[in-house]
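A.B. asks: These are the residues of each chain, in order.
Protein chains: 2
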Amino acid sequence: MRQNIPLEQAQSILEACVQPIGKETVRLNEALGRVLAEEIVANEDIPPFDRSPFDGYAFRAADTQTASLTNPVTLTIIEEVPAGYAPTKQVTPGTAVKILTGAPIPEGADTVIKYEDTEFTETEVKVFGPAKPGANIVTAGEDVPKGTVLVEPGTVITAPVLGLLAALGLTEIVVFKRPRIAIISTGNELLDVSEPLLPGKIRNSNSYTLQGYLQTCGLEPVVIGIARDKKEEVAAKVEEGLAKADMVITTGGVSVGDYDVVKDALEMFGAEILYWQIDIKPGSATLAAQKDGKLIIGLSGNPAAAMVVLQLLVLPIIKKMAGRSAYANKKIEVILKEDFRKASPRRRFLRGTLVFENGLTYMRTTGGQGNAVLSSLIGCNLLAEIPAGSGPIQRGEKLTAYLVDC
Amino acid sequence: MRQNIPLEQAQSILEACVQPIGKETVRLNEALGRVLAEEIVANEDIPPFDRSPFDGYAFRAADTQTASLTNPVTLTIIEEVPAGYAPTKQVTPGTAVKILTGAPIPEGADTVIKYEDTEFTETEVKVFGPAKPGANIVTAGEDVPKGTVLVEPGTVITAPVLGLLAALGLTEIVVFKRPRIAIISTGNELLDVSEPLLPGKIRNSNSYTLQGYLQTCGLEPVVIGIARDKKEEVAAKVEEGLAKADMVITTGGVSVGDYDVVKDALEMFGAEILYWQIDIKPGSATLAAQKDGKLIIGLSGNPAAAMVVLQLLVLPIIKKMAGRSAYANKKIEVILKEDFRKASPRRRFLRGTLVFENGLTYMRTTGGQGNAVLSSLIGCNLLAEIPAGSGPIQRGEKLTAYLVDC
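Chains as they are written, first to last, in our numbering: chain G, 1 to 406; chain A, 1 to 406.
Isolated chain G (complex conformation) (with noise of 0.2 Å):
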């Protein structure tokens, strides 16, 4: 069994145990959110044909070469056009069409003028320049031509490509399913949350915080309850959440003590081990095993520990398996805004939120770092790297931080 292993290590070995786990057709009004299974191409021009972009005349540019203040051009005013129809006569040499925003350009016409810049009657309107060939013509196309991939898979269908899909008449949309993840709490001293407090008891706050790290990643939670820190009840749990999902999430007894039962609990009913514990401060304390091809992911019970892995490790593993593309976390580069007075014998990860000031970007730390300490999480959308070894970190110096908003 690998043990204690490099963060990296840990992403390969989850990387390479996950994909997508099928696809599914939903409504349009059903898509925002979702992660898309296919490639969009546009079969037709957004929009779709060269229009006005505001109430004037259409025209051939050729008629008014000859055009100045002095000497206008007069053209007869041969048929109007408003939004929502089609033209129904060509423009000739000598004619124009009245048109009105978003209409048609109709054929023969190559330019459009304001009617603010013309003189104008029901019959006839006076240009008073040289028009230019294609001047105020929104072309079919303009936003996305026909035969442009629009959107690639794996693409999260955000409201701009909602808008896209529903310009192109796409009503039904094929996206990835999402994965759901069961989440068990382990430990004797949890308290569900509506319980008063007892002596020595903790309120399971966990099951919550994930829950909500989940649904903000627009997946679905499957919460199975507590397991006390008995083996079997945790294999059972365990059983049970890879019956209802894709995917298991413990928090509580990884760590190495007596109570420690959820490596004892996989092992027993043939979970295969991936790994126990990773290299890095908070959250050393985890393990990841495999069972019929679903992965169960042990978090640590202390919540900050627990909530930095899983935005470090397994959030981007879960995106992978909801079929993103884009599902590791990005790295930045970040200057610290204030001490952080540790010395980090281990590789070590700041909680912290990303400030702007003229053109850099800094950290400032959320609050405690300790592996208990979930407030800090509050805001937190940084998590900076202290290389292993480092002494006391000032104010000033450069970090490198992973990007762990959803």
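No false leads were mixed into what you were given.
Simulated restraints on C-beta separations: (1) A:ARG341 with G:ALA243: 52 to 62 Å; (2) A:LEU360 with G:PRO387: 17 to 27 Å; (3) A:LEU360 with G:LYS89: 49 to 59 Å; (4) G:GLY368 with A:MET268: 52 to 62 Å; (5) A:ASP405 with G:VAL26: 18 to 28 Å; (6) A:ASP192 with G:ASP264: 53 to 63 Å; (7) G:LYS330 with A:ARG341: 28 to 38 Å; (8) G:ASP264 with A:ARG364: 45 to 55 Å; (9) A:ASN43 with G:THR400: 37 to 47 Å; (10) G:ALA62 with A:ARG341: 21 to 31 Å.
Covered stretches of chain A, as calculated for chain G (at least 3 residues, CB under 8 Å): (11) 26–32; (12) 48–62; (13) 101–108; (14) 141–152; (15) 186–193; (16) 201–208; (17) 256–268.
Calculated from the structure, these hints are not laboratory results.
Yeah, the Cβ is synthetic: ideal placement off N, Cα and C, and Gly gets one too.
Fit chain A to the known structure of chain G by using the hints.
C.D. replies: Frame of chain G; chain A shown alone:
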């Protein structure tokens, strides 16, 4: 009527018109993404008691001041306390309690030592050096001390906030009501998404894009549908929207042409026009009105122009209605990644995406900047400002930009 006003003036006018629309109580498992309407003060320490971070022995540090490798101190084990149990005995001189990860520190003890650093039997433990008082104790309130204001009203409930609410045993949460936003699309040219294209027609994509942006911000869109370019029809739909929702957004019909009937429609049923046109590009064709204390926002029918104004001006206002204290878009400085060749006689906002490089913040434009180009809103998380009267902008120049992630 105010006309062609600066963006900031429009912002102040709209800000003055909106308030959170009320409070409601939700269960903890429905609270994610909602906006807190009350201050959350920790009514208990989190964690609730001093505890051990690992399996070991708890005792009085004073007992071990003479201990050394060659002359260890032997303590009598009086009890074993696993996580989830309360100690029943007090630690007195010469005694120790076997303590397991997460268990409460017994009275009398002021230090903990890892079991690996001792020699032990069932009844005795040998300590080989002087222990430090307070060492290896996770103190009560390390995460959140009792009495702390944990979260202020106006805060969005993210995953770690949810977890901390759970840790405090708060099963019902007072949040602001979600504003309902009615969406109306105006235009003779509009087809439903499911209809085949006809000459001169386009599909009603704006409704989907708007729904997407509103839902991404945790809001409830109410789709009223399409109104033709007749003021009676627009007025009827807007009145339906006002009856069903807390605010109405229309698209189309707000420019200066013959078929721009939205302003007339609003005046027809007695809405007060707050302003018409904003001095920016894209999106100058926009208006705001008020009727019986509810806002009506008219956006351009051009997809990108509409969505830029939505992000710059309207979403912040809606976030204020939703009760968020941090509702304004953050302003940052970015370095342009490529040339923008056009001159900007008018104040212009460029769509782009944030790029982090070597600790600096850059913006890469996301595509064409025309009024109709919705595709350049894909991946757009920045709207960078080019001041009125600017010539072409070269790569490497600094611009001020609004972060427009929801």
